[in-house]
Amino acid sequence: MKTFSLSESAIDAASLGRELEREHVGAVVTFEGRVRDHNEGRAVRGLAYEAYAELAEAEGARILGEARTRFEIARALCVHRVGELALGELAVWVGVSAAHRDAAFAACRYIIDEVKSRVPIWKHERYVGGKAEWLHPWNP
Amino acid sequence: MNYTLLYFASLRDAAGCAQESVVSEARDPGSLYADAAARHGFRMPPERVRVAVNGAFAARDVVLNDGDEIAFLPPVSGG
Numbered sequence: 001m002k003t004f005s006l007s008e009s010a011i012d013a014a015s016l017g018r019e020l021e022r023e024h025v026g027a028v029v030t031f032e033g034r035v036r037d038h039n040e041g042r043a044v045r046g047l048a049y050e051a052y053a054e055l056a057e058a059e060g061a062r063i064l065g066e067a068r069t070r071f072e073i074a075r076a077l078c079v080h081r082v083g084e085l086a087l088g089e090l091a092v093w094v095g096v097s098a099a100h101r102d103a104a105f106a107a108c109r110y111i112i113d114e115v116k117s118r119v120p121i122w123k124h125e126r127y128v129g130g131k132a133e134w135l136h137p138w139n140p
Numbered sequence: 001m002n003y004t005l006l007y008f009a010s011l012r013d014a015a016g017c018a019q020e021s022v023v024s025e026a027r028d029p030g031s032l033y034a035d036a037a038a039r040h041g042f043r044m045p046p047e048r049v050r051v052a053v054n055g056a057f058a059a060r061d062v063v064l065n066d067g068d069e070i071a072f073l074p075p076v077s078g079g
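Chains X and A are the protein sequences, given in the same order.
At position 9 of the first sequence the residue is numbered 9 (this note's numbering), and the sequence of numbers has no breaks.
At position 2 of the second sequence the residue is numbered 2 (this note's numbering), and the sequence of numbers has no breaks.
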């Protein structure tokens, strides 16, 4: 299974979690990013993610590889949704297993932060009232 | 030179298409972006737009070859 993948259908966190189970693993840390009903003071109705799939999968795999180099972990996986999502739906899932919790927490945090800042995926939010826009944060 | 240009997110909306074929004298992605911005009315400043050539991140001043596929990537917002 690929360490980073894009999914057009609902993310199955339970089955992904089972991929992390190993006998030498003492810690499993997972992160679930979900669709919020508000953003920067606006009521959100739903959203869609668009990706440059070829490059997103390559850059995502690179980040997971970096995590395995930087931290003492056993396995790390990440799945990001694309397409239309409803409120509350799972948008991104990160799971890390390790012998000890410090490495698992640190690697999980590293992966989600790097995915958010580097992987070519874009969020299109639809607001209550009918407006919609792309989010293009301009922070360096 | 013949190039294929890929647009994403707000750039795709502004261009009205996800990709287009162009014939251009431009030899680097920065020049191609300037031409595309003028043609489509992009307001995204070039320094905010990352570039990929043939599926890999690239510098805006890399020298292009005939047939290259150039993607213009506005700031990302996954997660």
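Just so you know, the hints here were simulated from the structure itself, not pulled from any lab data.
Treat the hints with caution; some may be incorrect.
To be verified - With the C-beta cut set under 10 Å, the calculated list includes, among others, these residues of chain A facing chain X:
id, residue
1, T4
2, F8
3, A9
4, P46
5, R48
6, R50
7, A52
8, A56
9, A59
10, L73
11, P75
Stated by the list, open to error - Residues of chain X placed beyond 10 Å of chain A at every Cβ, according to the derived structure:
id, residue
12, S9
13, L55
14, A56
15, E66
16, F71
17, L85
18, A99
19, S117
20, W122
21, G130
Claimed, not checked - Residues from chain A that face chain X, not an exhaustive set, calculated with beta carbons under 7 Å:
id, residue
22, G67
23, A71
24, G78
Keep in mind that this is a model prediction, so the values were computed, not measured.
A virtual CB, placed ideally from N, CA and C, is assigned to each residue, including glycine.
> Against which earlier hints does the structure fall short, listed by number upward?
Replying inline: 1, 4, 9, 13, 14, 19, 20 and 22
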